[in-house]
Amino acid sequence: SAHAQEKKPVRVGFSIAQTGPLSGAGKSGLLALQIWRDDVNGRGGLLGRPVELIVYDDQSNAATVPGIYSKLLDVDKVDLLIGPYSSNLTAPVMPMVKQRNLLLIGNFALDANARLRHDKYFSSLPSASADQWAAPFFDLAKQLQGKAVALLAADAEFAQTLAGGARNEAKKRGMQLVYDQTYPPATVDFSSMLRALRVKQPDAIFVAGYPSDSAAIVRAVKEIGVGDSVKLFGGGMVGLQNAPVMQSLGSTLNGVVNYHTWVPEKSLEFPGVSSFLARYQARAKDANVDALGYYLPPFNYAIGQMLEQAVTATKSLDHKLLAKYLHDNAINTIVGTVRFNEMGEWSQSRMIYIQFRALADKNLDQFRGPGKQVVVAPAAHKTGDIVPFAAARK
Amino acid sequence: MVKLSVNAIDAGYGAVHVLSGVSLEIRESETVALLGTNGNGKSTLMKCIMGLTPVTRGSIVLEDDEERIDLTTKSTQEIVALGIALVPEGRRLFPKLTVHENLLLGAFRAGARTEMQRNLDRCYAAFPVLRERSGQLAYSMSGGQQQMLAIARAVMSSPRILLVDEPSVGLSPMLVKQTMDMIGTLKRELGLTVLMAEQNFHETSRIADRGYVLVHGQIAFEGKNLQELLHSDLVKRHYLGA
Amino acid sequence: MSLELLVEAVVSGILLGGFYAAVSLGLSVAFGLLDVPHIAHPTLLVVGAYATYALAQLGIDPIAAGFMLMPAFFVIGVGLYRFYHALFERRGGDIALRGLAFFFGIAFIIEVVLILVFGVDQRLVEAAYIGSSVQLAGLQMPSRMLIAFALAGLLTLLLSTYLSRTFTGRAIKAVAQDQTALALMGADPVRIKQSAFGIATATCAIAGALLIIVGPVEPGMGRLYIGGTFCVAVLAGLGSMKGTLLAGLILGITESLVLTSLGTSWAPAVSFGLLLVVLAIRPSGLFGR
Amino acid sequence: MRNWSRFLIGATLSVLLALGLTRFVGNEYFFFATYVVLQFIVLATAWNILGGYGGYVNFGASAFFAVGAYCAVALTQSYALALPLQILAAALVTGLLGFAVGALTLRLRGIYFSIATVAVAVICETVIMNWSFVGGARGTTVLQPAAPAFFSSYTRLLFFVMALLALLAVAFARFVETSWIGRGLRAIRDNEEAAESVGVPTLKLKLFAATASGALMGAAGAPFALYMNFIEPTSAFSLNYSVSALAMPLIGGSANWLGPVIGAILLAGTQQIVTVTISSELNVLIVGLLLVVFVVAAPHGILGLWHKLVARGGQRP
Amino acid sequence: MSAPLLQVGALFKRFGGFTALAAVSFDVPAGQRLGIIGPNGSGKTTLINCICGTLRHDNGSVRLSGVDVSALPTYRRTRLGLARSFQIPRPFYSMSVAQNIAVALEYGVGRRRVHASAARKEGLTVLDRLGLTAKANADVGSLTQVDLRRLELARALATQPRLLILDEVMAGLSSVEVDDMLETLASLNREGITIVMIEHIMRAIMGFSQRVICLDAGSIVADGEPAAVINSAIVQKIYLGG
Ligand SMILES: Nc1ncnc2c1ncn2[C@@H]1O[C@H](COP(=O)(O)OP(=O)(O)OP(=O)(O)O)[C@@H](O)[C@H]1O
Ligand SMILES: Nc1ncnc2c1ncn2[C@@H]1O[C@H](COP(=O)(O)OP(=O)(O)OP(=O)(O)O)[C@@H](O)[C@H]1O
Ligand SMILES: [Mg+2]
Ligand SMILES: [Mg+2]
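Protein chains in written order, with the numbering used here: chain A, 1 to 394; chain B, 1001 to 1242; chain C, 2001 to 2289; chain D, 3001 to 3317; chain E, 4001 to 4242.
Please keep in mind that the hints were generated in silico from the structure rather than gathered at the bench. All of these numbers come straight from a predicted model, not from anything done at the bench. Even glycine gets a Cβ: it sits at the ideal position worked out from N, Cα and C. The reader is advised that the hints may include incorrect statements.
Claimed, not checked - As a list, the in silico DSS-like pairs of lysine-lysine whose alpha-carbon atoms are at most 30 Å apart: (1) B:K1187 to E:K4237; (2) D:K3308 to E:K4135; (3) C:K2242 to B:K1236; (4) B:K1236 to E:K4135; (5) A:K266 to A:K142; (6) E:K4135 to B:K1177.
Stated by the list, open to error - Here are some of the chain A residues that sit facing chain C, going by a computed Cβ distance under 10 Å: (7) S23; (8) G24; (9) L152; (10) P185; (11) V188; (12) F190; (13) K222; (14) G239; (15) Q247; (16) A287; (17) T314; (18) D318; (19) H319.
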C-alpha cells in the first residue's frame, strides 16, 4: 500500500449535514464513511489508488447543495459521488447528475428518482417508496384486527411524504382514517392533540415525526394515555433510533412499534456488521456522535461497499460501467446482499418494524443485545410476534 | 458648615471650549443666582459640578465640618450621595414611568430613603397637580407639569445643595412665583443651599442672596449682595431691559 | 368539539402558556426594560438546558439544577452585559441595530460551542415528574407542564414585586429611558443595567431547565424560539412582567385550542395572526406604556 | 448629474462584464457561487431602502424572498410563464405584501414594527406549508428548462439575470437615496412627527419604500426554485435571509447604496467560501465572529470606517 | 368677505377619561398676531397639535381659509401654509442645521424641485434671520436648548407658511434675546405671516400680541385686547396669581 499512497487518490465527494437539524444522523453517517475509507485504504485502496473523501457541510439547508455539488464536480473534479443525507437535500442534486449523466448513490433519500428516472441513481435506503415504508405497519394493524387508524404527522418534508404512504396503505387494507392531522414544527405540548385523538377511539396510531416531537409524543402518551382501543402505536418516528433518546426514554418506549433499519437481532446479523459497529462505537465518543450507531452508519458504510465492489469488479471509474454493474449484480454489504431495480431502489424492501420490549430506565447497554427491540415485521426478518400495545406496556 | 467652591475650572466638549477659569463659591443656606445669556456656559458649569462633564483644569471642592472633597475626582453617583442634586435643563424625566415612580426614584440615594414619605408629602403639597396625576406617565404631562415634576424629583433626594437649571422655563407666571416661593421655603426651613441659573431675573431677585454673571464662559461680574447685582450694568443691560 | 375537550384544551393551554411565559420573562427584562436587543436570549435558554443536562448526568434533579445554576448564569449575564456595554453603549451610535447583529453573532458562537461540547444529538433528562401526570379535578395533566406553569407564576411574582417595590427594581425600570437622569438620582446606570441583565440571564437557568424537562433539546434549538419569545415579550407590552405571563397564557390557550380543534397545522398562523391583531388594536402591546 | 453619468457608465460596463463572464468563464461553479452573492446584493439593497433609509427594520425578509420564489413556482406550475414574467409577477405580489407591511407602519413603530414583520413571515410560511399545489411542506421539483442559445447552461442565464437584477436594485436604491425621497425617508427616521409637520408625506413615503423594498426582495427570490431545481419551505424561509438582509447593510454601511453591496459581497462571499473550505460547524462560528467583529470595529459600516480613514489620511499633509 | 385664515370650531379632545379640550372655538383673521396663554396643562399644546393634525381631535372642526382640514394629514396642512414649532424641540438629529432646513424647504410647499444653489441661498436667509448662520454646519446634537428652539422656528419658516404657530419658542431666553426674537417675529408679521404664539413670558405676550386668548382646563376663559385679558379677574386668578 505504500505504493498506493503515491498515486493520485480516488476522490469520493459528497455533502452531509454537520450542523442544523439533520446533523445528528449526518455526523454519525460521516464517521461510518470515514471508517470505510480507512478500511479500503488499508486494503490497498481502489484500483491501487488511495481513497480520499471530499466532504462539505450543507448545514441541513437545501439551498447550499447546488453550489456544493457544482464545486465537487467542477472544481474538485471528484471521481465518485454520494448524495447528501436526506431526501430534501438530494432533490437539487438529481437534475445535475442526470444532466451530466453521472452515477449517484443516494444517502437515505426517499423516492428521490421518481420524477427524473435517472438510470445511474442507486439508493442506500432499504425502502423504495413511502408506501413500501409504511406497509409493514399496516400489515401488523391488520393482524391485530385494526380498522380505525389515526394519523399524526409533522408539517415537514419527510413526515408528510411518509404520511402520504400511510394513507395509501390504510386505504388499500380498507381501514378507516378516523383522525388525520398535521402538527407544526416546534410543537411543545402534545396533550391537546392526544386528547382530541383519543376521542376517536382508533385501533392503531401512526405517527410520522422528527426527533424532538417523537420523544415528546411518546412521553405525552405515557402521561395522557391514548385510550384502551389502541392496539398498535408507533410508525415513522425519527429519533427513536438515537442512543441518547432511547436511553432517556427507557421504559416509556415499551410497546411502541417503530420503523428501523438495523437492530442487534439474530435475523439481521449480516457478515461484517458487528465488526463494523465495534469499530464505530470505539470511535463514536471522540467524534461526539451517536454511541450505538444502529440507524444510518451501517448503511453509509454500505454505500462505500457498493462503490468499492463496482469499481473493483469493473476495474474502472467509468460511471456508465459502474452503473451497469450495480444494476446487474448483487452487492454484498454489511447490511446484507442488495439488488437494485431499474429505478435504482432496492428490489426487495428491507424496512423493518421493531417493538420495544421490557426496557428498564437509564440503561444504554440494554439496547446492545437482542430481545429489547424485537423485529415484528416483515416476516422475512421477524424475531418475535407483535404484542398489543397495552399488554406490551405492562 | 457646608461650602461648595469652584476654583478656576476649564471645561468643554471635545474641541469646543466652554468654560475658562471659572471660580465661584456657594455657602450654606445661600441662594446664589447664576446669570448669563444663551450659550454662555451656565448649564455646562452645573454639569461640571455634578460630574457629568469632565473638568480639564481646576477643582471643585465640597467642604463641610469634617472633610474637603474634590468633586472632580468623583462620579456622579458619589456626588449625589454627598447631598448635591440637580434639576437639569430639559427636565430629563423618565418618560414612561408614572409621576409617582419618578418621584420615588428621586429618593434613590441612601440618605434620602428614610425621609421619603416626608419629602413626598412636601412635594405633593407644593404641586397638588402631581398628586392628582400621580398615575399618569411623565411624557404625557404638559410642559409645565413636567417642569414641576423635575423640581419635585430633585427635592425628593433631600439635598444639602440644590442646583437648579432654569426652573421657570415653561411655567406659567403664577407657578414661577410658587416655585420660587417653594425654593425660598426650602432654604428657610431646611437650610438648603441653592445655585440657580435663571433668566427670569425679576422673580429670581425675590429669593437670591447674591449672584454671578457668566459671559463667554468667564465670570464677568460678581454681585456680593442683591443690591450690587441689581445695580450692575451687565444685569441692567441684559435682564432689566434698560 | 365537546365541552370536556374544550375545558381540557384551555387547561392545557394555560399550562403551556406558563411555559411560554417562563422562557420569555428574561427577555422581557433584558429587551423590554433595558432595551438591549438580546436576540441571543433563546440561545442562552438552550445553554441553560444543556447545563441542566450536565448536572442531571451527575444525578441532580433538573429543577434543583436549574436553581443551582442561577448564580452562575447571573455572573454570565453580568459578563455578557459588560462586554456589550464596553463595545456598544459606551461608544454610542445606532446601537439598536448593531446590537441585534452583535447578539446574532454571539448566538451563533454559543451554538458552535454547544456543538463542540455536547455534540449535535438531542438530549433529554429523566425525573419522576417527567412522563407522569396528575389528576386535577377530573383532568389529567402532565406533571412537567404543571411545574412549568408553577415556576412561571413564581418567577413573575418575584420579578414584578422586585421591580415595583425596591429602589433597585424601580431604577431598572428607569435605566433605559434616561441614563444621565438616573445618574442624577444617585444610581450607577451601568451597574443597574448589569445586575438587571444578570437577573434576566439567571432566569434562563430555570427556563432552560424547563426547556429540557418539557422536551429534548439540541444546540440549534434557540433559533426556533426567537419568534415565540419575542412575540410574547412584545405582546406583553415591553417590560411588563405580568403582561408577559398574560401574553404567554393567551398564546398557549390559542395554540392549544387550535391544536385540539381541526386544522392543527394552522396553529402558528393563528398565534402570530393574533399578535398582529393585538398590535393593531394596542400598538404598544397589552401592558405597553 | 455628472455622478449619474459616471454611475451609468459603470452600470453598462458591469452588464457587459457579466455577459462576458457567461461566455468566457469555463468553471460552472463560479456561476453557482456568484449567483448567491448577487442574490444577497439584491436582498440587502432592497432591505436597506426601508430599513436603512427609513429606519423601519424589517425582520421578515425571508418571507418576501420565499413568497417571491413560490409565486414564480406557482406560475410555472400553472402557466409555464417565461422567467422575466415570473420575476415581474413575483415582484408584483411581494410589492403588494410590502405595501401591507408598509400599512403596519401607520400604527407600529420601532421594535413593534419589526416583530409584526416576523409575524407576517410566520403566517406566510404556514400558508405555504399548507398549500399542496406548490408541494406544501414536502416541496416540489422545478426543473430548469433548456438554456437559451446564447448561454451554455441555464445557471449561467440565471447568473446573468441576477446580475441585471442586482444592478437594477442598486440603481434604484441610489436614485432613492440621492433624491427627495431619500431625504424625506431620512427625516422620517429621525423624527416622524417633525417630518410630517414640515410637509413630508410620511405615510406615502413609507408605503413607497416598503412596496419597493418588498418587490425587490421578491424579485431576488423569484429564480430561487430554478436555481435549485427544487423548492421547499424550510430552506426558502430560512432565518438566514432575514439575518443577512439586515446584517449586510449594517456591515457595509446603511447610509449609502454602496454599503449593502459591500456587506453582501463580504458576508455572502465569505459564507460561500467557508461552505466549501472549512465546511464544518466552524462555518457557523465564522459567521458569528464576522458579525461581532464588524459591528464592533466599524460602527458605521465599512464605508464609515473608510471615510474615517480617508479623512484622517487627508488631514496629514 | 373672505373667510378668516384659521377657524377653530367646537374642538374636543380627550385622553382616556380626561378631557383636554372642551369645545374650543375661535377665529384668526389673516395678518393677526395672536397670543395664547393659560396655566400649565390647560391644553394649549394639545390645541396646536389638533390644529396641525399631530393629534386627531375627537369632535369639532379646523378650517384654513374656509377649507375644512380636519381630515387632512399634517403634511397637507403644512403645504396649505400651516407651520408649527414643537414645545420640546424635535430636530432631525442625524442632520446638520442646514440640512434640517433643507428638508423643510424641499417639502414645505408642495414638493418642488429646489435648485441646489437656490435652496442653499434660501436656507441661509432663514438661518440668518434667526442668528443660526454660524452654526449652519453644526451637528444638531451640539446646540444649546435655546438654539434648538431657534432651529424649530427656522425650520417652520422654511416651509413658507401663511400661518405660523409657535409653542414657547422664547422659553429660556434672556430679556435681550426675547427682544431680538420679538423683532424677528414682528418683521415676519409685517411680511404678511399670521402668527399664533403660545408663551408664558408676559413681556413677550404683551409686547407682541394684538389679541390674547386664555385657556383654562381646556376651555377659553378670556379673549380680547391684551390689556383687557391680562387685567381680567379670572386671568389674574388662574394665571398670574396676582
Ligand atoms: N454636548 C455638546 N457638544 C458640543 N458643544 C456643546 C454641547 N453642549 C453645549 N455645547 C456648547 O457649549 C456652549 C455652552 O452651553 P451651555 O448649555 O452650558 O450654555 P447655557 O449658558 O446653559 O445656555 P442656555 O441659556 O442656552 O441654556 C454652547 O455654545 C453650546 O453650543
Ligand atoms: N397623551 C396624553 N395622555 C394623557 N394626558 C395627556 C396627554 N397629553 C396631554 N395630556 C394632558 O392634557 C392636558 C393638556 O396638556 P397640554 O400639553 O396641552 O398643556 P399646555 O397648556 O400646553 O401646558 P404647558 O403650558 O404646561 O405646556 C395636561 O393635563 C396633560 O397632562
Ligand atoms: Mg443652559
Ligand atoms: Mg404646552
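Now for the hints, and whether the structure bears them out:
| no. | hint | result |
| --- | --- | --- |
| 1 | B:K1187 to E:K4237 | 27 Å, holds |
| 2 | D:K3308 to E:K4135 | 23 Å, holds |
| 3 | C:K2242 to B:K1236 | 58 Å, violated |
| 4 | B:K1236 to E:K4135 | 28 Å, holds |
| 5 | A:K266 to A:K142 | 26 Å, holds |
| 6 | E:K4135 to B:K1177 | 35 Å, violated |
| 7 | S23 | 4 Å, holds |
| 8 | G24 | 5 Å, holds |
| 9 | L152 | 9 Å, holds |
| 10 | P185 | 7 Å, holds |
| 11 | V188 | 6 Å, holds |
| 12 | F190 | 8 Å, holds |
| 13 | K222 | 5 Å, holds |
| 14 | G239 | 7 Å, holds |
| 15 | Q247 | 8 Å, holds |
| 16 | A287 | 8 Å, holds |
| 17 | T314 | 37 Å, violated |
| 18 | D318 | 37 Å, violated |
| 19 | H319 | 33 Å, violated |
Of the numbered hints listed earlier, those contradicted by the structure are 3, 6, 17, 18, 19.
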